[in-house]
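Its first residue numbered 0, the sequence shown is counted upward by one per residue in numbering that gives the first Met the number 0.
These are computed hints drawn from the structure, not numbers from a lab. These numbers were taken from a predicted model, which means no experiment stands behind them. Hints are supplied without guarantee of correctness; some may be wrong.
To be verified - Cβ pair distances, simulated, as ranges:
1. Leu-155 x Phe-340: 48 to 56 Å
2. Phe-312 x Tyr-448: 14 to 22 Å
3. Gly-289 x Ser-169: 28 to 36 Å
4. Gly-10 x Val-236: 23 to 31 Å
5. Val-151 x Leu-17: 31 to 39 Å
6. Ile-329 x Val-33: 28 to 36 Å
7. Leu-323 x Phe-3: 16 to 24 Å
Each residue gets a CB set at the ideal place from its N, CA and C atoms; glycine is no exception.
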Amino acid sequence: MYTFSNRLKIGSFIAMGLGLIFLAIGFVSAPSTVEEAKAIVAAAHGDGHGGGHAEEAVSHGEDHGAQAAHGAEASHDEGHDASHDEHLLHQLQNRPWAALYVAAFFFFMISLGVLAFYAIQRAAQAGWSPLLFRVMEGITAYIVPGGIIVFVILVLSVLHMNHLFVWMDSEVVAHDELLQGKAGYLNPTFFLVRAAIFLGGWIFYREYSRKLSLAQDESDDNSNFVKNFRWSAGFLVFYLVTESMMSWDWIMSLDPHWFSTLFGWYVFASMFVSGITVIAMVSIYLKSRGYLEVVNDSHIHDLAKFMFGISIFWTYLWFSQFMLIWYADIPEEVTYYIARFQDYKLPFFGMLVMNFVFPLLVLMNSDYKRVNWFVVMAGIVVLAGHYLDVFNMVMPATVGDQWYIGLPEIGGILFFGGLFVYWVFNTLTKAPLLPKRNPFIEESRHFHY
């Protein structure tokens, strides 16, 4: 049985505590009036971000002063200026919410990616991976608290506690024919019903599969193993549909005027490689503490192969989505990338380097995939890169050019990272780390590549 290290436990609590403090500072310091928002932008002007709105506001003010004699025009421009200022206020108010949402979704998607990988191993009756099943079950345990937190954020969005999802604002929809056409699908009630179905199905499979896995250890036949196989195969069908719909709802609808038919696969690739990376890192940690000595370098090598392969798959999807939109040059589609090129150069291109160039150069060599510390180092960069991926998917639509990495963003990573570590490693203490009666356990023990 695994014993939760006091040092790791205390570290996770400290991270959660600091994260809550940083997040609280972010929420408290958010502006409550247009005047406060203007003052924040003016103070930040020259720091490299957020200048766009400040310059625009100044230029609008100068233009309006020059046109004051033209009554009708001035009235129209003042209305436009007021609308712009309110939009700026919403962006700055969104920032702590967006930072919270990015971190909450990122750690949740890791556990969801591991759940998909676990179900694939069960459905394929893989012989190399049963030694890692308890690790996967430990990581997927976070789906319960992580999913509940994400759902609460979505409910608060529906209750207009933030402005993350613009289509939830009835006044915006009333003046937007495109959103009116999507109202049958993008409406708050149906949105939450779908979210509840997604989370309910994912959590049910995780809990039931875990129950069957533990029951197999005490069984004198393979009936629980066969049930797990059947449920896993069925779950994968459910997962493929609900994961795509989840990506449309929770991420793509932040930009309700934009859509991509590849988006579900794109988000899946990101969560899949992130989940596999965490499996490798947790397995290496447990092995270094003497708990998974039977896990050999061939197991780590296979996980690193998946890290490399899915990184290339992610790049293929990213390029396919980008290239088609760039080549077609349709105005309502290219705006998605223009916003990222103009205001998010560092995180956007940094993400490409970390998620494609780095894994390509570092993990291509087969020998390096067997070096544990090397895999951990590569994993840290891959996880940071996919955090930036989620950051790039969420922030432009919610905060525009009013972004930077500050206390709310760091606080979100610390809080959810600490909660993730605590929940995963606490779950690992609940059952033996090595399955006893899996029919393929001996094949997994003697696996060599």
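So which of those numbered hints doesn't the model satisfy?
1, 3, 4, 5, 7
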